[in-house]
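Student: Residue strings, one per chain:
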Amino acid sequence: MQTLARRTIPILALVLLTGCAIKGRTPEGLAADYGVRIAKTVGAAQEVVGAVGKASTVPQVRAGAVKALEGLQTVNTLGVQLADKLDAISQARAAGGETGTLVQQAVSLIDQIDAAVTLGVLPQLGDLPETRAALDAARAITKLILEIQFHLGRTE
Amino acid sequence: MNPNVLVTIQTIARIAAEANVAVGVVFGLIKAVRDNWPRKDSEPVIPDAELIALMRAEFAKNADRNAQLIAEIEAGV
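Sequence lines, in order, name chains Z and C. Per my numbering, the very first residue in the first sequence carries number 1; after that it's consecutive. Per my numbering, the very first residue in the second sequence carries number 1001; after that it's consecutive.
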């Protein structure tokens, strides 16, 4: 059994590494891939929040929806800044330059996006049935943020 | 119990365990290859620059729509 493991584990590792290398995506490319998904998720989330706000006759719900939308607007602003930062990382890498500082700045932006969702969006949605869909959409954003952090972390 | 029977049972158990590991390794290998093989022709790789531009455009589009939604809620539309 040990012989079997000794032979197969290196082969398995080689297959995985070769596969990742063949895919040919840089970490900032992977991060941008997730960035697009976050943008689409934010778009879907704000449509749900907007629909909840417009449909409700309760002033508190409408006010909460506006605040949640303002939180998502912060995510949009930070998302554009993150795209610019990923662009800068990509160009620095292509020129053979140092990317460490840029990556730190990008991670800082992701932390700010995370905080905007956690502090600015989720508390506004509560756990009422009518906002549950919006809450789920916002939670999906935080999951994607974790993934983008993972991929960008690979540049270090 | 007859010692020969005990040895036979132990041998069968060992062979079964090793066969189980071998099957697991083979299936793991097949999965690793399937998950990491290059994308198919139907899934072209988008260059990084295009992805980044797409990300920027999506967030900018969201920002416009977000402002519109806030205005609609505040106006009671």
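In case anyone wonders, no lab produced these hints; they're calculated from the structure. Only a predicted model underlies this, so the values are computations on that prediction, with no experimental measurement involved. Do not take every clue at face value.
[To be verified] List of simulated lysine-lysine pairs, BS3-like, C-alpha gap at most 30 Å: (1) Z:Lys67 <-> Z:Lys54; (2) Z:Lys143 <-> Z:Lys54; (3) Z:Lys143 <-> Z:Lys40; (4) Z:Lys143 <-> C:Lys1031; (5) C:Lys1061 <-> Z:Lys67; (6) Z:Lys143 <-> C:Lys1061; (7) Z:Lys54 <-> C:Lys1031; (8) Z:Lys67 <-> C:Lys1031; (9) Z:Lys67 <-> Z:Lys143; (10) Z:Lys40 <-> Z:Lys67; (11) Z:Lys40 <-> Z:Lys54.
Student: Evaluate each hint against the coordinates.
Tutor: Comparing the hints with the structure gives:
no. : hint                   : verdict
1   : Z:Lys67 <-> Z:Lys54    : holds (13 Å)
2   : Z:Lys143 <-> Z:Lys54   : holds (27 Å)
3   : Z:Lys143 <-> Z:Lys40   : holds (13 Å)
4   : Z:Lys143 <-> C:Lys1031 : holds (25 Å)
5   : C:Lys1061 <-> Z:Lys67  : holds (19 Å)
6   : Z:Lys143 <-> C:Lys1061 : holds (22 Å)
7   : Z:Lys54 <-> C:Lys1031  : violated (47 Å)
8   : Z:Lys67 <-> C:Lys1031  : violated (45 Å)
9   : Z:Lys67 <-> Z:Lys143   : holds (21 Å)
10  : Z:Lys40 <-> Z:Lys67    : holds (20 Å)
11  : Z:Lys40 <-> Z:Lys54    : holds (21 Å)
In this structure, the earlier hints numbered 7, 8 are contradicted, and the remaining ones agree with it.
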